[in-house]
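Peer 1: For reference, the chains in residue letters:
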Amino acid sequence: MSKRLMLTGNGAAAWGARLAGIDYLPAFPITPQTEIIETIARWIDCGVMDARFVTLDSEHSMITAAGAAAATGVRVFSATSSQGLLYGMEMLYTVAGWRSPFVLVNVSRGLASPITLEPDHNDIFAARDSGFLQLHCSTCQEVVDGILLAYKMAEDQRVRLPVIVNLDGFYLSFTREPVDIPDANQVARFLPPFDPLNQGFRAGTPFNEAVAVLDGSAYSYFRYQAHLAAMNAEAVMAESAAVFAESFGRRYPAIESYQCDDAEVVFVMMGSFATKAKAAVHRLREAGQSVGLLRPFLFRPFPATAFREALAGKRGVAVVDQNLAPGLGGVIHTELAAHLYGHSGDKPVMVSFIGGLGGRDIGPEEFFEMARITQQAAEDGHPPPPRLLYTATELREMKKMQAIALHLGGEKRV
Amino acid sequence: MSQSRFKTFKDLPKEHLLGTGTAMCAGCGGLEALHEVYDILGEKTVFINSAGCMTLLSVYPYTPFRGSWLYTSMASASAGAQGVRDAMDILLAKGRMSAAEDMETVVLTGDGSAYGMGLSSTSGAIERNLHFLYLCYDNEGYGNTGQQSSGATPHAARTATNSGEVGYPGFKKDLFAIWAAHAPSYVATVIGAEPLDLARKIDLAKTLRGPRLILALAPCPTGWDFDPEETVEIGKLAVQSGVWPLKEYRNCQIVHTKIPQKRIPVEDYLKRQGRFAHLFEPKRNDALLQEIQNRVDHYWAPLERQGGSERERG
Numbered sequence: 001m002s003k004r005l006m007l008t009g010n011g012a013a014a015w016g017a018r019l020a021g022i023d024y025l026p027a028f029p030i031t032p033q034t035e036i037i038e039t040i041a042r043w044i045d046c047g048v049m050d051a052r053f054v055t056l057d058s059e060h061s062m063i064t065a066a067g068a069a070a071a072t073g074v075r076v077f078s079a080t081s082s083q084g085l086l087y088g089m090e091m092l093y094t095v096a097g098w099r100s101p102f103v104l105v106n107v108s109r110g111l112a113s114p115i116t117l118e119p120d121h122n123d124i125f126a127a128r129d130s131g132f133l134q135l136h137c138s139t140c141q142e143v144v145d146g147i148l149l150a151y152k153m154a155e156d157q158r159v160r161l162p163v164i165v166n167l168d169g170f171y172l173s174f175t176r177e178p179v180d181i182p183d184a185n186q187v188a189r190f191l192p193p194f195d196p197l198n199q200g201f202r203a204g205t206p207f208n209e210a211v212a213v214l215d216g217s218a219y220s221y222f223r224y225q226a227h228l229a230a231m232n233a234e235a236v237m238a239e240s241a242a243v244f245a246e247s248f249g250r251r252y253p254a255i256e257s258y259q260c261d262d263a264e265v266v267f268v269m270m271g272s273f274a275t276k277a278k279a280a281v282h283r284l285r286e287a288g289q290s291v292g293l294l295r296p297f298l299f300r301p302f303p304a305t306a307f308r309e310a311l312a313g314k315r316g317v318a319v320v321d322q323n324l325a326p327g328l329g330g331v332i333h334t335e336l337a338a339h340l341y342g343h344s345g346d347k348p349v350m351v352s353f354i355g356g357l358g359g360r361d362i363g364p365e366e367f368f369e370m371a372r373i374t375q376q377a378a379e380d381g382h383p384p385p386p387r388l389l390y391t392a393t394e395l396r397e398m399k400k401m402q403a404i405a406l407h408l409g410g411e412k413r414v
Numbered sequence: 001m002s003q004s005r006f007k008t009f010k011d012l013p014k015e016h017l018l019g020t021g022t023a024m025c026a027g028c029g030g031l032e033a034l035h036e037v038y039d040i041l042g043e044k045t046v047f048i049n050s051a052g053c054m055t056l057l058s059v060y061p062y063t064p065f066r067g068s069w070l071y072t073s074m075a076s077a078s079a080g081a082q083g084v085r086d087a088m089d090i091l092l093a094k095g096r097m098s099a100a101e102d103m104e105t106v107v108l109t110g111d112g113s114a115y116g117m118g119l120s121s122t123s124g125a126i127e128r129n130l131h132f133l134y135l136c137y138d139n140e141g142y143g144n145t146g147q148q149s150s151g152a153t154p155h156a157a158r159t160a161t162n163s164g165e166v167g168y169p170g171f172k173k174d175l176f177a178i179w180a181a182h183a184p185s186y187v188a189t190v191i192g193a194e195p196l197d198l199a200r201k202i203d204l205a206k207t208l209r210g211p212r213l214i215l216a217l218a219p220c221p222t223g224w225d226f227d228p229e230e231t232v233e234i235g236k237l238a239v240q241s242g243v244w245p246l247k248e249y250r251n252c253q254i255v256h257t258k259i260p261q262k263r264i265p266v267e268d269y270l271k272r273q274g275r276f277a278h279l280f281e282p283k284r285n286d287a288l289l290q291e292i293q294n295r296v297d298h299y300w301a302p303l304e305r306q307g308g309s310e311r312e313r314g
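Protein chains in written order, with our numbering: chain A, 1 to 414; chain B, 1 to 314.
In short, the hints are calculated from the structure, not lab data. Note that the Cβ used here is the ideal one computed from N, Cα and C, for glycine as well. Any given hint might turn out to be false.
Residues from chain B that face chain A, not an exhaustive set, calculated with beta carbons under 10 Å [as the list claims (entries may be wrong)]:
#, residue
1, Val84
2, Ser120
3, Arg128
Beyond 10 Å from chain A on every Cβ pair, some chain B residues (computed) [what the hints assert, rightly or not]:
#, residue
4, Phe226
5, Arg272
6, Arg295
DEER-style ranges, computed between Cβ atoms [unchecked claim]:
#, chain 1, residue 1, chain 2, residue 2, range
7, B, Val59, A, Asn198, 17 to 23 Å
8, A, Gly204, B, Val59, 20 to 26 Å
9, A, Thr305, B, Ala93, 43 to 49 Å
10, A, Ala405, B, Ala160, 44 to 50 Å
11, B, Asn129, A, Gln157, 58 to 64 Å
12, A, Thr175, B, Leu56, 27 to 33 Å
Full structure from sequences and hints, please.
Peer 2: Right under this line is the structure:
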């Protein structure tokens, strides 16, 4: 029997791991992720989950242990955030190269410096070239379902790569929403026990994993293999999502499209902040503007074809990046541009906006302004350089804080 | 060591498991120790390797190992061992793997990782009482990158990053003590040049559960600057001079397993190695040589005050 619970995003992540029947959870605490590992550890302690929990000395060790255990043949789950993801970065690349299929939840949080707790996507995008596949959730329901879909994708013989399921810190991790918890038996049919195929360390079956190569040819071969496997994942995801929809009634296209069919201007946003864009689209439509929203759920592999099809014939695209690549702009903007251009046919004008860094809110009036700027750029064909969202009120408050900081500093120096 | 099945050299394994033709340097003291260790451990082993010279043992598509291998990173081999051991335990407990398929989990690492970058993950594995064997081949520097100083480099040694007249100004870290402070199942120093002592220790370690360190001094012709044919001799001198005490820690007790009856001067060990040549030429550095000798004397003084009466195990 499925049931409906009020869950935080973190609680939903724990439920995803529980339903997936994980064997092993190597862990390391970090805000805002910690509730996930605490919840699962409690379930293991009270016997509702038959899994092993171990706290490592760091995320670097945690991801090593996760990859090693998956390579030995058990179903592995782990979770981290922000600095932790970056601390483990060497091993993200490494275990993806091992082709160890497991699921890692990242609860997005802005990166130091300055150190902060609230979300943006610089942490998860730092891992974009690691070989991990990526799913980005915008609701607590998507967190549970995304984890199940992630295991399907990771473990498929055509893929065999680890997957990061991303959710935003605070906005999703600590926000309660009603979540349908699917029936465990039905989940078991959708996601049968992990089949390690030919991977695993066993006496009598020598297995050398991750050995060195000394020339570019062998290196390129294995790197290409990982890329081709990642590309396979888009079809695998679509197949799994179709079965999932049949079993559980919820649909997960690679890109969620909201009010796009007749839209002239389309917002592109990711994660929980995309729900703000959804509300804004609703208001803009009420104000007579023809706008829509595209929200990629799948980010690796990059759903290039789906984007091209969805944006065919549009006049303008407003890409709202909740990340910042200093000296360049936004990551989604550049990735999307790379895939839209280079093909024949009319292209929409693309405008880059940076917003939501460190959990900074994006207000409805800012969506109106972004729509106006994008319309304008579509008309004159001259998109401005990346726009950094910031209001006059914020700047005034910032100046006040600076005055305090300078005043106190001045007193000390005297 | 009366209980040991290794009483004389004749008892040592006749068959050797590790394949030949590896990329290691001629006269590698680490490979010498690994050969001897592997013969006792047997092929039901999975080696979890961290970045170092021995990473080049398994180069696609060849491996000298009869069992399994996983290369991890420089810092996290012990965490790799944790993942593999835990996963095998889960598979055993859930009936997805038979006891006959179980293997000894062995970390294989150089001193660069063991004394430095790998300490955090290793300390964690010991505190969790992970059942694994940790084999460190200690060639007293970052050997694979050309012998820069590491936390294991001895005082005054010339390295690729210490070429002045006093050599490396720091002191070799006491990894044996760092491990022993964690109260693990077993800690032992070994050297390939003393294969009987080594065999007894590996044989004992095999019977124990929990974290076990085998710390092998690895004379390194390339990094220490001596002729490859002298590896065994240099190793013996390290023991006879008292520079490399052969000992073990078990049940909160440290026992020396081979006490040099009459220690030879440390300089007899040092002068055979180019990395210490600056202590003898162009001008003999008596003060520094005496300082090094004093440190060795200081280590052995308590034992020798007892008239060398500490019971040798066996």
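Peer 1: Please list, smallest to largest, the hint numbers that this structure does not respect.
Peer 2: 11, 12
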